[in-house]
Amino acid sequence: MPRLSRRGRLVLVFATVTVLSVLVALPGYIAYSSLHPDTCRPSVTPGDLGLGYEGFAVNTSDGVTIQGWVIEPGAIGDTVFILMHGYTSCRSAPYILDLAKALAGRGYPVVVFDFRGHGESGGSTTIGPREVLDVEAVVGYVAERFPGRRIVLVGFSMGGAVAIVEGAGDPRVYAVAADSPYYRLADVVPRWLEYKTPLPGWMGVLAGFYGQLMTGIDLDFGPAMVERVEKPLMIVYGTRDPLVTPEEMREIASRSPCSILVGVPGAGHVEAVEKLGSERYAEMLVELAHRSC
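Position 134 (the sequence shown) corresponds to 279 in our numbering; numbering is contiguous.
In case anyone wonders, no lab produced these hints; they're calculated from the structure. Quick caveat, the model's predicted, so the values are computed rather than measured. We treat Cβ as the ideally placed atom computed from N, Cα and C, and that holds for glycine. Take the hints with a grain of salt, since some may be wrong.
Within a straight-line C-alpha distance of at most 25 Å, the following computed DMTMM-like cross-link-like pairs (lysine to aspartate or glutamate) qualify [said to hold, decoys possible]:
#1 K341 x E289
#2 K246 x E281
#3 K420 x E432
#4 K246 x D207
#5 K246 x E416
#6 K246 x E392
#7 K246 x E419
#8 K420 x E392
#9 K341 x E375
#10 K246 x E428
Estimated spans, in silico, between C-beta atoms of each pair [said to hold, decoys possible]:
#11 G314 x N204: 19 to 29 Å
#12 Q357 x G422: 35 to 45 Å
#13 S178 x D365: 18 to 28 Å
#14 P316 x E199: 19 to 29 Å
#15 N204 x W347: 36 to 46 Å
Whole structure, please, built from the sequences with the hints as guidance.
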């Protein structure tokens, strides 16, 4: 076998470094940055919308401090709605506070909070798996503060997936509404990468693998792992959502014997509140809260 020239060896080294960068360094960077993203910070408060509110903080079972607000704590409605934002968002996102205002206007107390690694909460995001502990802690706080009232989880995107997983197994939760929830974390990561960047989806598959190595999270996490949701369940999705499919939404809805599936024509990812209007969306949630299986 002929020996490579010095130039040939340099080309081979360069090619090897390039391949390793593509297969290791770049996906590793994507994984790390995805687990430590820039997120929104609460810049608008419920008070700016004319709502009464109180701040609260709870600690999760793994030691993360979660910051939140109780909106209209004196409201006497029979249900408390817990609204949960999506990945890189926070509790002051317009779709969260607009919906909170509409629900509070109907006499219901509303709780909003920042997931770990988002807004003013501590810790780092896992894009779903450990966020279940955040919801568990907030539900515990709500159950103690509002004894005897129904608790309805309302989650968007990542928050929707977490709401289904936590709500399915928590007897304190009466009903669950999930807007644009991913079906399985491993499936949504490459779609998200293609949606948000010019990079190919297969790079997201590698990034997911490295993220799993970094954190130990389960890439199979999501509603796909939930066999049954024995309580009222509403799934909302946009017909133009690039991150979830109608087939996945129908599959999730099939897990409950009394589910409602709402496809919003022309809506993209987490655009249903805007398309339907917060008042109509709030009406659907109130109807869900008084539905029985």
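Checked hints:
1. K341 x E289: violated (40 Å)
2. K246 x E281: holds (24 Å)
3. K420 x E432: Given pair K420, E432 holds - Cα atoms ~19 Å apart, limit 25 Å.
4. K246 x D207: Status violated; Cα separation ~32 Å.
5. K246 x E416: Since the Cα atoms of K246 and E416 sit roughly 17 Å apart, the hinted pair holds (cutoff 25 Å).
6. K246 x E392: violated (32 Å)
7. K246 x E419: OK: K246 and E419 at ~14 Å, within 25 Å.
8. K420 x E392: holds (21 Å)
9. K341 x E375: violated (35 Å)
10. K246 x E428: holds (12 Å)
11. G314 x N204: 19 to 29 Å: Given a distance of about 21 Å, which is inside 19 to 29 Å, the answer is holds.
12. Q357 x G422: 35 to 45 Å: holds (40 Å)
13. S178 x D365: 18 to 28 Å: holds (23 Å)
14. P316 x E199: 19 to 29 Å: holds (26 Å)
15. N204 x W347: 36 to 46 Å: Because 39 Å falls inside the window, the suggested range holds.
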